[in-house]
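Please work from the sequences and hints to get the whole structure.
Chain by chain, the residues:
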Amino acid sequence: MNVTNLKIREIRDLLDKKSFSSVELTQAYLDRIKKIDGELQSYITITEDLALNSAKNAQNKIDNGNSSPLCGIPISIKDNICTDGIKTTCGSKSLENFVPPYNATIIDKLNSQGMVMLGKANLDEFAIGSTTQNIFAKTKNPYDFSKVPGGSSGGCAASVSASLCAGSIGSDTGGSLRQPASLCGVTGLRPTYGSVSRYGLVAFASSLDQIGTIAKDAHDCAFLLNSIVGHDDNDATSLKAKTIDFASKIGESIKGMKIAVPKEFYDENNGINPEVKDTVLNAAEKYKEMGAELIECSLPSLKYAVSTYLILSSAEAASNLSRIDGIKYGHRSTKGETFGDIVRNSRTEGFGDEVKRRILLGNFVLSSEQYNDYYERALALRQRFIADYAEIFEKCDVILTPTTLSTATGISENIMTPSNIYLDNICTVTVDIASLPAISTPCGYDSNGMPIGMSIIGKKFDEATIIQLADAFEKSFDAISPKLI
Amino acid sequence: MDLKMISHLSNLSKLSFTDDELEKFSNDMSSLVKIVDTIKEVDIEYNPIADNKNIYFNDLREDIAKESMATENILKNAINSDNCFVVPKVVE
Numbered sequence: 106m107n108v109t110n111l112k113i114r115e116i117r118d119l120l121d122k123k124s125f126s127s128v129e130l131t132q133a134y135l136d137r138i139k140k141i142d143g144e145l146q147s148y149i150t151i152t153e154d155l156a157l158n159s160a161k162n163a164q165n166k167i168d169n170g171n172s173s174p175l176c177g178i179p180i181s182i183k184d185n186i187c188t189d190g191i192k193t194t195c196g197s198k199s200l201e202n203f204v205p206p207y208n209a210t211i212i213d214k215l216n217s218q219g220m221v222m223l224g225k226a227n228l229d230e231f232a233i234g235s236t237t238q239n240i241f242a243k244t245k246n247p248y249d250f251s252k253v254p255g256g257s258s259g260g261c262a263a264s265v266s267a268s269l270c271a272g273s274i275g276s277d278t279g280g281s282l283r284q285p286a287s288l289c290g291v292t293g294l295r296p297t298y299g300s301v302s303r304y305g306l307v308a309f310a311s312s313l314d315q316i317g318t319i320a321k322d323a324h325d326c327a328f329l330l331n332s333i334v335g336h337d338d339n340d341a342t343s344l345k346a347k348t349i350d351f352a353s354k355i356g357e358s359i360k361g362m363k364i365a366v367p368k369e370f371y372d373e374n375n376g377i378n379p380e381v382k383d384t385v386l387n388a389a390e391k392y393k394e395m396g397a398e399l400i401e402c403s404l405p406s407l408k409y410a411v412s413t414y415l416i417l418s419s420a421e422a423a424s425n426l427s428r429i430d431g432i433k434y435g436h437r438s439t440k441g442e443t444f445g446d447i448v449r450n451s452r453t454e455g456f457g458d459e460v461k462r463r464i465l466l467g468n469f470v471l472s473s474e475q476y477n478d479y480y481e482r483a484l485a486l487r488q489r490f491i492a493d494y495a496e497i498f499e500k501c502d503v504i505l506t507p508t509t510l511s512t513a514t515g516i517s518e519n520i521m522t523p524s525n526i527y528l529d530n531i532c533t534v535t536v537d538i539a540s541l542p543a544i545s546t547p548c549g550y551d552s553n554g555m556p557i558g559m560s561i562i563g564k565k566f567d568e569a570t571i572i573q574l575a576d577a578f579e580k581s582f583d584a585i586s587p588k589l590i
Numbered sequence: 016m017d018l019k020m021i022s023h024l025s026n027l028s029k030l031s032f033t034d035d036e037l038e039k040f041s042n043d044m045s046s047l048v049k050i051v052d053t054i055k056e057v058d059i060e061y062n063p064i065a066d067n068k069n070i071y072f073n074d075l076r077e078d079i080a081k082e083s084m085a086t087e088n089i090l091k092n093a094i095n096s097d098n099c100f101v102v103p104k105v106v107e
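If you read the protein sequences in the order shown, they are chains A and B.
Going by the working numbering, the first sequence opens with residue 106, and the numbers climb by one from there.
Going by the working numbering, the second sequence opens with residue 16, and the numbers climb by one from there.
Please keep in mind that the hints were generated in silico from the structure rather than gathered at the bench.
Keep in mind that a hint or two might mislead.
Simulated pairs of lysine-lysine, DSSO-like, Cα-Cα distance not exceeding 27 Å [claimed, not checked]: (1) A:K440 <-> B:K91; (2) A:K408 <-> B:K49; (3) A:K368 <-> B:K55; (4) B:K39 <-> B:K19; (5) A:K433 <-> B:K81; (6) B:K91 <-> A:K198; (7) B:K81 <-> A:K345; (8) B:K29 <-> B:K19; (9) A:K433 <-> B:K104; (10) B:K104 <-> B:K29; (11) B:K91 <-> A:K214.
Model, not experiment: these values are computed from the prediction.
Okay, here's the thing in structure tokens:
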């Protein structure tokens with residue numbers, strides 16, 4: 106049995122049956138990481154000693170009958186989630202040596218269950234971007250090392266896809282869980298805004314950021330999500346909603362369920378690759394065969410999605426990243442005599458080009474001369490997206506869209522053309538803008554064998570239904586794993 | 016976006032650029048602004064009151080004094096002395 110290929114539920118079962126120990130399992134993942142990750146670069150920091158220690162403690166709990174759902178399960182954590190005493194770099198030179206003095210709330214939750222953290226997963230600098238290439242590590246796509254894994258949770262997706270962990274926790278601001286999951290052939294779930302505490306998640310755009318999960322399938326995503334949701338006194342935007350089992354609807358019939366198919370997402374004028382379009386529409390037909398009803402609908406404001414997203418997220422990023430000053434923590438420049446010079450030089454030396462572009466854009470749209478034309482208009486469009494989605498959900502249960510316009514592109518193609526990357530986010534960003542939950546799951550492969558993903562968008566707090574639908578498809582889908590060792 | 020605007024924004028952003036970088040960022044920002052400019056086509060008005068029902072009220076915690084993080088931990092990632100962050104003398 107190759108233990109690293111197992112799903113989280115299977116591992117849970119076998120750990121509880123004592124088929125192998127958490128230490129043996131953790132060692133198997135660490136061995137595989139040593140073999141593959143030198144080239145794949147899905148991890149930015151590998152916490153070997155901590156992982157083996159946590160595994161020993163978890164095994165004691167299991168042996169003493171004190172097991173819990175994630176006890177002894179090895180996972181990766183995106184490197185923008187603070188871990189007490191362990192470097193949290195956000196993929197940025199500005200936080201190269203930053204060691205948080207506290208845990209994010211979700212880390213405390215996972216630790217209390219006996220989770221085993223294998224390491225911190227790579228990301229785009231400050232989670233801004235969709236290629237997972239930064240000055241420390243350039244993550245590859247497990248299906249083809251010459252291609253990007255997507256991002257910004259590209260390390261999370263690649264580590265799950267390459268079986269270098271059982272599951273992963275990342276964050277999603279404009280598609281950062283779903284897009285890399287789609288490009289790496291795994292399942293990514295962004296829950297409703299406010300479901301999971303953001304305390305200890307380094308902020309990019311606070312009104313859009315949400316922590317979520319990546320795993321080998323939808324059921325595993327639900328399993329992980331069950332362990333991290335809930336209100337937190339340290340995050341006033343985390344909601345006091347009743348907690349439910351997100352896997353509770355799995356296995357229920359989808360007969361009669363109404364699935365909306367908004368035509369703009371499939372419009373070739375918006376840049377969708379015909380192979381991707383056909384594959385996702387074939388998946389829609391599969392749902393029809395299972396008894397669901399497909400409903401054609403329209404989201405006319407989609408053409409403004411990327412601009413709305415860029416304006417809102419950059420404005421918030423410019424404000425959030427002003428805390429990076431080189432004084433309280435992070436890279437401090439040795440150049441400059443005055444306080445102002447040190448701050449300016451520290452930021453100039455610490456941030457990469459993409460982060461600088463977004464900060465400039467954010468300050469542009471917030472400046473008094475431009476505010477009404479850009480930022481206020483984007484706020485108005487956010488209201489329109491919320492209203493448009495509410496209207497669609499009056500007539501249907503979920504919405505089915507492609508997750509990306511095309512499959513993974515080459516690593517070198519991406520670096521020179523930032524503007525194309527922005528436009529590629531058109532399929533994912535409206536979910537974040539409207540604070541909705543969505544899940545991306547593989548639904549096919551292109552002619553080069555690269556994975557294609559589809560997204561199922563749900564009503565607020567109706568994660569259970571999108572998980573149910575993703576699971577129903579996955580059960581009839583022959584997933585192809587990347588050809589690694 | 017012209018060089019004057021980029022210089023203005025870089026001051027607001029507390030970032031410095033060399034002349035060559037200014038040129039490059041000016042081009043990059045022009046293509047970015049071209050994307051966000053599409054928003055100007057929309058005839059739409061922002062209704063701040065409507066956000067009250069779209070955005071949840073902050074669920075604030077009770078105002079109870081609690082022990083905060085130890086100063087020693089807060090200073091761990093900074094140049095510090097005598098329980099303070101160290102910065103150059105500021106006289107204005």
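A quick look at each hint next to the structure:
{"no.": "1", "hint": "A:K440 <-> B:K91", "result": "22 Å, holds"}
{"no.": "2", "hint": "A:K408 <-> B:K49", "result": "14 Å, holds"}
{"no.": "3", "hint": "A:K368 <-> B:K55", "result": "23 Å, holds"}
{"no.": "4", "hint": "B:K39 <-> B:K19", "result": "14 Å, holds"}
{"no.": "5", "hint": "A:K433 <-> B:K81", "result": "22 Å, holds"}
{"no.": "6", "hint": "B:K91 <-> A:K198", "result": "18 Å, holds"}
{"no.": "7", "hint": "B:K81 <-> A:K345", "result": "21 Å, holds"}
{"no.": "8", "hint": "B:K29 <-> B:K19", "result": "15 Å, holds"}
{"no.": "9", "hint": "A:K433 <-> B:K104", "result": "16 Å, holds"}
{"no.": "10", "hint": "B:K104 <-> B:K29", "result": "19 Å, holds"}
{"no.": "11", "hint": "B:K91 <-> A:K214", "result": "24 Å, holds"}
Checked against the numbered hints given earlier, this structure breaks none of them.
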